[in-house]
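Novice: Going down the list, the sequences are from chains E and Y. For the first sequence, our numbering assigns the number 143 to the last residue and increments by one with no breaks. For the second sequence, our numbering assigns the number 141 to the last residue and increments by one with no breaks.
Since the hints were derived computationally from the structure, they do not count as laboratory data. Errors might be hidden in some of the hints.
Some chain E residues judged to face chain Y by a derived CB distance under 7 Å, without partners named [as the list claims (entries may be wrong)]: (1) Phe42; (2) Pro75; (3) Asn129; (4) Leu131.
If you're wondering where the values come from, they're calculated on a predicted model, not measured in any experiment. Each residue gets a CB set at the ideal place from its N, CA and C atoms; glycine is no exception.
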Amino acid sequence: TQLLEQSPQFLSIQEGENLTVYCNSSSVFSSLQWYRQEPGEGPVLLVTVVTGGEVKKLKRLTFQFGDARKDSSLHITAAQPGDTGLYLCAGFKAAGNKLTFGGGTRVLVKP
Amino acid sequence: DAGVIQSPRHEVTEMGQEVTLRCKPISGHNSLFWYRQTMMRGLELLIYFNNNVPIDDSGMPEDRFSAKMPNASFSTLKIQPSEPRDSAVYFCASSQGAVLADTQYFGPGTRLTVL
Chain E
33 TQLLEQSPQF LSIQEGENLT VYCNSSSVFS SLQWYRQEPG EGPVLLVTVV TGGEVKKLKR
93 LTFQFGDARK DSSLHITAAQ PGDTGLYLCA GFKAAGNKLT FGGGTRVLVK P
Chain Y
27 DAGVIQSPRH EVTEMGQEVT LRCKPISGHN SLFWYRQTMM RGLELLIYFN NNVPIDDSGM
87 PEDRFSAKMP NASFSTLKIQ PSEPRDSAVY FCASSQGAVL ADTQYFGPGT RLTVL
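Just chain E, with the same shape it has in the complex (with noise of 0.2 Å):
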């Protein structure tokens, strides 16, 4: 069992159109990166939310840290094909100063 579940596995929408990724956990963590990963490289950090319902914003990307510091999501509005790749979330717990990762989305954003 992974410590960060992410839903769904995979997506695949019409450019255009809204998405929304979740990591879900039951543990707590002193903050939550979220990256996205293109083929063929490496995982490419976009946003770490540290307080508890916090939200950020980058463009079209909103991410959002759940407010027991459990969970988040990122939504992607107007998606474009340039958004597509493997989006993972990594939970960082600062007592024992471990970073996991979920097991990521597949996201697929057609024109």
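Following the hints, position chain Y against chain E.
Specialist: Relative to chain E, chain Y alone:
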């Protein structure tokens, strides 16, 4: 500026052979990480170094795996002997700080296939 550099990008070898993966971190970064990514297990941290010293190797699968960082600009991950189940993409990443939550910059990865 150059990012994290990994070599080779692709490696195909036969079971039982020794495999060495190489990584050059971003200049000035103090921490270096080795990850493995598979469809089944996702992205897993194998080991990380801070100031060239191994800090946490609890993710190293077994004694067949070893990692070294002889200086601040070079690290190797060695598998000896290799097995088909070691087939995966291996990533190296580096960061400026010592905490895993600090921004990590990933290399392009080495795709390893063990036949």
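Novice: Please go over all the hints and tell whether each is borne out by the structure.
Specialist: Now for the hints, and whether the structure bears them out:
1. Here the hint on E/Phe42 is broken, as its CB sits about 12 Å from the closest CB of chain Y, past 7 Å.
2. The beta carbon of E/Pro75 is positioned within 7 Å of a beta carbon in chain Y (closest approach about 5 Å), and the interface hint is therefore held.
3. Hint on E/Asn129 holds. Least Cβ distance to chain Y is approximately 5 Å, under the 7 Å limit.
4. About 4 Å separates the beta-carbon of E/Leu131 from the nearest beta-carbon of chain Y, less than 7 Å, and the hint is met.
Consistency with the previously given hints fails for number 1 only.
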